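Colleague: Chains as they are written, first to last, in this note's numbering: chain A, 190 to 482; chain B, 5 to 341; chain C, 310 to 710.
Be aware that one or more of the hints could be misleading.
Claimed, not checked - The calculated EDC-like cross-link candidates involving lysine to aspartate or glutamate, where the alpha carbons are at most 16 Å apart (straight line), are: (1) C:K668 / C:D682; (2) C:K537 / B:D202; (3) C:K700 / C:E536; (4) C:K572 / A:D314; (5) C:K572 / A:D317; (6) A:K377 / A:D314; (7) A:K377 / A:E367; (8) A:K310 / C:D673; (9) C:K579 / C:E554; (10) C:K572 / C:E600; (11) C:K597 / A:E327; (12) C:K572 / A:E276; (13) B:K118 / B:D202; (14) C:K597 / A:D317; (15) B:K118 / A:E327.
To be verified - Restraint ranges, calculated between C-beta atoms of paired labels, are given here: (16) A:C248 / C:M627: 49 to 59 Å; (17) B:A26 / C:G654: 45 to 55 Å; (18) B:I101 / A:N365: 41 to 51 Å; (19) B:K207 / A:L279: 23 to 33 Å; (20) C:G654 / B:L301: 52 to 62 Å; (21) A:V475 / B:N185: 36 to 46 Å; (22) A:N365 / C:Y625: 52 to 62 Å.
In short, the hints are calculated from the structure, not lab data. Note that this is a predicted model, so its numbers are computed, not measured. A virtual CB, placed ideally from N, CA and C, is assigned to each residue, including glycine.
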Amino acid sequence: MLSQYMINQLVNGLCQGFIYALIALGFAVIVGIVGLATFTHGEIIMIGAYASYYIFSACGNNLFLGLFASFCASWLVGILVYKLCYEQFLNVPEHISLICTIGFSMLLKNLAQIFFGTEKKPMLDIIDNRIYSLGPVEISKVQIVIMVTVLALSALMMMIFNWTKWGVALRSVSQNREAAALVGINVKQTIMVGNCIGCAMAGVAGMLIGIYYQAIYPTMGATLSMKAFAAATLGGLTSVPLSALGGGILGLIENLGISISSASFRDVFSFGFLIIILIFKPTGFVKRKGVRP
Amino acid sequence: MIDRMKDIYAKHKIAAWLILLAILVTMPMYVSISNMRIVCRIMLYVILAGGLNIINGYCGQLCFGIAGFYCVGSYVQAVLMKTYHVSFWLALIPSGIAAALIGALVALPALRLKGIFLGMITIGFSELVRLIALNWTSVTGGAMGIKGIMAPKFFGIKLGGASKYYYIFLGVVLIYLFCTNRIIRSRVGRAWLSIREDELAAKSLGVDIKRYKILNFMYGSFWAGIAGAVYVAYSSYVDSTYFTLDEGFNVLGMLIIGGQGTLIGPIVGSVVAQVLTEALRVINIWRYVVYAGLIILMMWVRPQGLVGASGSMLAGNKAEKKKAAKGCVEKLERKEA
Amino acid sequence: MKNRVIQKVAALFLASGMVMSLAACNSSADSSAAPSSSEAAASAGGTSKGTIKFGLIAPLTGVHAEYGQGFQTATKIAADEINAAGGVNGYQIEIEVQDSAADPKTSADIATQFCEDDDIKAIIGDFTSSCCMADAPIVDQYQCVLLSPTASNPDYAPMSDYCFSVMYNQANMAPWVGKSVIGKYMGVKSVAVMYLNTDWGISTNQYLLQGLSEAGIQVLADEAYEEKETDFSSIIAKLKASNAEAVCILDQGNVPTIINQIKTSGWGPKLVTQGPGASQQMLDLCGKNAEGLVITDSSYITEDNPKTKDFYDKFYAMNQCAPTDHSLCAYNCVEMLASAIESIGDGDITREAIKDALKTTTYDGMAGTVKFDENGGGVRQFLILGVKDGKYVVDEDYGYE
Numbered sequence: 190m191l192s193q194y195m196i197n198q199l200v201n202g203l204c205q206g207f208i209y210a211l212i213a214l215g216f217a218v219i220v221g222i223v224g225l226a227t228f229t230h231g232e233i234i235m236i237g238a239y240a241s242y243y244i245f246s247a248c249g250n251n252l253f254l255g256l257f258a259s260f261c262a263s264w265l266v267g268i269l270v271y272k273l274c275y276e277q278f279l280n281v282p283e284h285i286s287l288i289c290t291i292g293f294s295m296l297l298k299n300l301a302q303i304f305f306g307t308e309k310k311p312m313l314d315i316i317d318n319r320i321y322s323l324g325p326v327e328i329s330k331v332q333i334v335i336m337v338t339v340l341a342l343s344a345l346m347m348m349i350f351n352w353t354k355w356g357v358a359l360r361s362v363s364q365n366r367e368a369a370a371l372v373g374i375n376v377k378q379t380i381m382v383g384n385c386i387g388c389a390m391a392g393v394a395g396m397l398i399g400i401y402y403q404a405i406y407p408t409m410g411a412t413l414s415m416k417a418f419a420a421a422t423l424g425g426l427t428s429v430p431l432s433a434l435g436g437g438i439l440g441l442i443e444n445l446g447i448s449i450s451s452a453s454f455r456d457v458f459s460f461g462f463l464i465i466i467l468i469f470k471p472t473g474f475v476k477r478k479g480v481r482p
Numbered sequence: 005m006i007d008r009m010k011d012i013y014a015k016h017k018i019a020a021w022l023i024l025l026a027i028l029v030t031m032p033m034y035v036s037i038s039n040m041r042i043v044c045r046i047m048l049y050v051i052l053a054g055g056l057n058i059i060n061g062y063c064g065q066l067c068f069g070i071a072g073f074y075c076v077g078s079y080v081q082a083v084l085m086k087t088y089h090v091s092f093w094l095a096l097i098p099s100g101i102a103a104a105l106i107g108a109l110v111a112l113p114a115l116r117l118k119g120i121f122l123g124m125i126t127i128g129f130s131e132l133v134r135l136i137a138l139n140w141t142s143v144t145g146g147a148m149g150i151k152g153i154m155a156p157k158f159f160g161i162k163l164g165g166a167s168k169y170y171y172i173f174l175g176v177v178l179i180y181l182f183c184t185n186r187i188i189r190s191r192v193g194r195a196w197l198s199i200r201e202d203e204l205a206a207k208s209l210g211v212d213i214k215r216y217k218i219l220n221f222m223y224g225s226f227w228a229g230i231a232g233a234v235y236v237a238y239s240s241y242v243d244s245t246y247f248t249l250d251e252g253f254n255v256l257g258m259l260i261i262g263g264q265g266t267l268i269g270p271i272v273g274s275v276v277a278q279v280l281t282e283a284l285r286v287i288n289i290w291r292y293v294v295y296a297g298l299i300i301l302m303m304w305v306r307p308q309g310l311v312g313a314s315g316s317m318l319a320g321n322k323a324e325k326k327k328a329a330k331g332c333v334e335k336l337e338r339k340e341a
Numbered sequence: 310m311k312n313r314v315i316q317k318v319a320a321l322f323l324a325s326g327m328v329m330s331l332a333a334c335n336s337s338a339d340s341s342a343a344p345s346s347s348e349a350a351a352s353a354g355g356t357s358k359g360t361i362k363f364g365l366i367a368p369l370t371g372v373h374a375e376y377g378q379g380f381q382t383a384t385k386i387a388a389d390e391i392n393a394a395g396g397v398n399g400y401q402i403e404i405e406v407q408d409s410a411a412d413p414k415t416s417a418d419i420a421t422q423f424c425e426d427d428d429i430k431a432i433i434g435d436f437t438s439s440c441c442m443a444d445a446p447i448v449d450q451y452q453c454v455l456l457s458p459t460a461s462n463p464d465y466a467p468m469s470d471y472c473f474s475v476m477y478n479q480a481n482m483a484p485w486v487g488k489s490v491i492g493k494y495m496g497v498k499s500v501a502v503m504y505l506n507t508d509w510g511i512s513t514n515q516y517l518l519q520g521l522s523e524a525g526i527q528v529l530a531d532e533a534y535e536e537k538e539t540d541f542s543s544i545i546a547k548l549k550a551s552n553a554e555a556v557c558i559l560d561q562g563n564v565p566t567i568i569n570q571i572k573t574s575g576w577g578p579k580l581v582t583q584g585p586g587a588s589q590q591m592l593d594l595c596g597k598n599a600e601g602l603v604i605t606d607s608s609y610i611t612e613d614n615p616k617t618k619d620f621y622d623k624f625y626a627m628n629q630c631a632p633t634d635h636s637l638c639a640y641n642c643v644e645m646l647a648s649a650i651e652s653i654g655d656g657d658i659t660r661e662a663i664k665d666a667l668k669t670t671t672y673d674g675m676a677g678t679v680k681f682d683e684n685g686g687g688v689r690q691f692l693i694l695g696v697k698d699g700k701y702v703v704d705e706d707y708g709y710e
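All chains, please: the whole structure from these sequences, using the hints.
Modeller: Shown next as structure tokens:
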């Protein structure tokens, strides 16, 4: 017996989950497909959000211009991340580039506080926010935009990585770099572009999150990226659609938990669920074993 | 020049240690109290980074959640002292053991997980512990925290204030160094190192991976718990905002700067990190920018940290691994000769 | 080969960094002081007996950087204004700022450093309650005033005679909001409360519930959430299901986000909030969603308010953002200390004398009267403000019962 209240909570959970999924997509591309470790993801979200914010305040509320700006800005930052944190360390254990990205995220966060200012910046009325009612379900326009984006992007990524020549090359690079180089793949360039795609997706996510929450600030990425990290891990880190699914489930679990107890337990539900799943199924939702750690 | 220093050190080993000890013991006499507090902070981070070093450095696991163990130790100590009026010294051991038990709990999933999955578990775990501390109001005081934790007495002398409390920190650091030094050279320590360098090879040589990994997590988190326990009586107040994930990354950063896999690494790391962040106050809000830049630079120049274990996989270069192994063999041969 | 060179350069850089840091260790304390305020005043003040130094501990970096930098700017404005008017009793005021990054360990270390420095007569700070709680035993031991603009843990101010806080007002404030504002002024019968799960939120909520029950208002939901929360939809759905007439939000930084999300969810209850202060930032962040919001504060800090315009303009010029209530509290701190020193008169300005004077000081400034109760908690007067057409409107003046 589902009351109106529970249905509403489920829809909220789903929307929240799609936000996580949105961030988890880029994360899954970088960590899962390209095979790099990153902790800079939250800050790239922030960069994307700020890029679109400045475009919106300079050129008016043109969604596509904002999209373009955040895409470009985060792509450029992606190149920077690659040059600083990955290029030197392709042949060494993962933890070194991981630490490098931790340092880089600290750098970006503090630079953003200096250059963008520490206060929250409003991002109001970018999309005319209408609410649609479908029977008992109420859903806003931004939420629909986010859902469509997540579904479209995960389908697009799946197509790119499975059906295009370049995607297959990227996957082969992530599995065995030496062998990939032997068959004539430009390893460094492939990895860089892969990383940039992940970053650009994070940038777009940043813009959408800014529009959804209607405010942006330099530390906005930190908590959200941790949750997206959890979602991608839940999805097994090798598959983009499964990471999106992980995000959705995490959002649902959290909101169901909140609806029966208190909101201050939010992270207890999500991280508790993650830990339980990983204990019983160390590779998350992915069936295959031993593709990559 | 380094060689000459090493020679001098080799000749006057005992004298050098005695001088160092004398400097450390007499430190509060000529260092101002506000600087003494920085020294105490360094000592705290030495123990924390040391505990993390045991897990990340010696056993090659990826733990980001040291703040969780730190939190458990702090709260157990605070609750024992405040609610049950246990004396500081008696409460230390249960706090450490509680953290170690939680460490064992984390190690259970760690047996099946590696790399970033393990890192995720420890992150989630650290947040879980913090949220429990925040929400379990009847025991931990919730967001109000626990206040008025008294500084301990030692043979009738009240060890309050940084210049006296320093000796407790110093004592704990020395005990930590002594114990860890013994353990690293024992069968257990060698097992940890072998797991770090090559888990599969270690297994094939008959190392009981499960047991040693659990033991490793327990020992590392024990010291993090002790650090927390010592710290609450020093600050006299504790609440859950002390134990955020950022604190965990902070400790990790120190360990990385100093170098993993050596006893001295965490010491150098916390000294450098604290002195740098204090000194960089001159440049005001830019100081964390510079600090972050230094971390990246460090990874470029010396990935194993300032004084990390250079001959291991921590140093990063797989090509040099063979060279390092060769070096180790030569060293052993020289010793035998 | 090339690699070797890079390594050497980097090593040199690292080494020089370390040397510099060792050398700077001693001098670092003085160099970040704000010298400009004393210089500016020396020309204007005429007869100057010397300077009085206050220490400011604030989180200039980290997640609370927004408020810490606000503190820095606000205290500087206050000091400049006092100095330009000739100082207090002929003394110039100087403020030395140190960054605590909202870390209690660092904050306590800086408090010790300030206490050891005999030139510093009183300390202003820190932002978070947990930092202030860690500082309290230290200032008690050194007998130096710690005047926090925002510490709101009810245990904090009673911890020592030397601990004071300006925003410490739930015991008087929150019941009043419950009884008079929600009950009498808004005239609602049922309310749903959401509050921040921090020391501030919990104690405010307790006192608010007390006031609400005295007024006989039904509380249909009472929900807490964590400080880092970004998505409030599930809490809002919970409150919505309770069918309350009004929603009371007890929070500071998150209030605009919550209001936006309530409006986005298509629900239109009466909104009342306590905590964030009536700042321009709030209006900017909410846009037209803020319409009809009831807010209580000692003043409202926007460009249109003639009383605070001067402060607003100066703050905006220095910090490139609009001030919040927290900054106003920091401003009040300096003014309180100045009027305490003024009341000492010709006596010696010691830490002890400042403490004694501070207990009886009242400061009447642009945001009503501020004084301290017997514990050292601040008591401020409050206005009831409404938002109409994107602007604050004073609905009831000070002294509304």
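Colleague: Run every hint past the structure and note whether it holds.
Modeller: Right, here's what the structure says about each hint:
1. C:K668 / C:D682: Since the Cα atoms of K668 of chain C and D682 of chain C sit roughly 8 Å apart, the hinted pair holds (cutoff 16 Å).
2. C:K537 / B:D202: Since the Cα atoms of K537 of chain C and D202 of chain B sit roughly 40 Å apart, the hinted pair is violated (cutoff 16 Å).
3. C:K700 / C:E536: The given pair, whose Cα atoms are some 28 Å apart, is violated under the 16 Å limit.
4. C:K572 / A:D314: holds (12 Å)
5. C:K572 / A:D317: Judged against 16 Å, a Cα distance of about 13 Å means the pair holds.
6. A:K377 / A:D314: violated (42 Å)
7. A:K377 / A:E367: Holds - the C-alpha atoms of E367 of chain A and K377 of chain A are around 11 Å apart, at most 16 Å.
8. A:K310 / C:D673: Not OK: K310 of chain A and D673 of chain C at ~33 Å, beyond 16 Å, violated.
9. C:K579 / C:E554: holds (7 Å)
10. C:K572 / C:E600: Distance of about 10 Å is within 16 Å: holds.
11. C:K597 / A:E327: Violated: K597 of chain C and E327 of chain A sit about 21 Å apart, past 16 Å.
12. C:K572 / A:E276: violated (47 Å)
13. B:K118 / B:D202: holds (13 Å)
14. C:K597 / A:D317: Between K597 of chain C and D317 of chain A the Cα gap is close to 13 Å, so the pair holds against 16 Å.
15. B:K118 / A:E327: violated (42 Å)
16. A:C248 / C:M627: 49 to 59 Å: Violated, since C248 of chain A and M627 of chain C (Cβ atoms, about 29 Å apart) do not stay within the stated range.
17. B:A26 / C:G654: 45 to 55 Å: Since the Cβ atoms of A26 of chain B and G654 of chain C sit about 52 Å apart, the hinted range of 45 to 55 Å holds.
18. B:I101 / A:N365: 41 to 51 Å: holds (45 Å)
19. B:K207 / A:L279: 23 to 33 Å: Since K207 of chain B and L279 of chain A have Cβ atoms about 28 Å apart, the given range 23 to 33 Å holds.
20. C:G654 / B:L301: 52 to 62 Å: Once the Cβ atoms are compared, 56 Å apart, the range 52 to 62 Å for L301 of chain B and G654 of chain C holds.
21. A:V475 / B:N185: 36 to 46 Å: holds (42 Å)
22. A:N365 / C:Y625: 52 to 62 Å: holds (58 Å)
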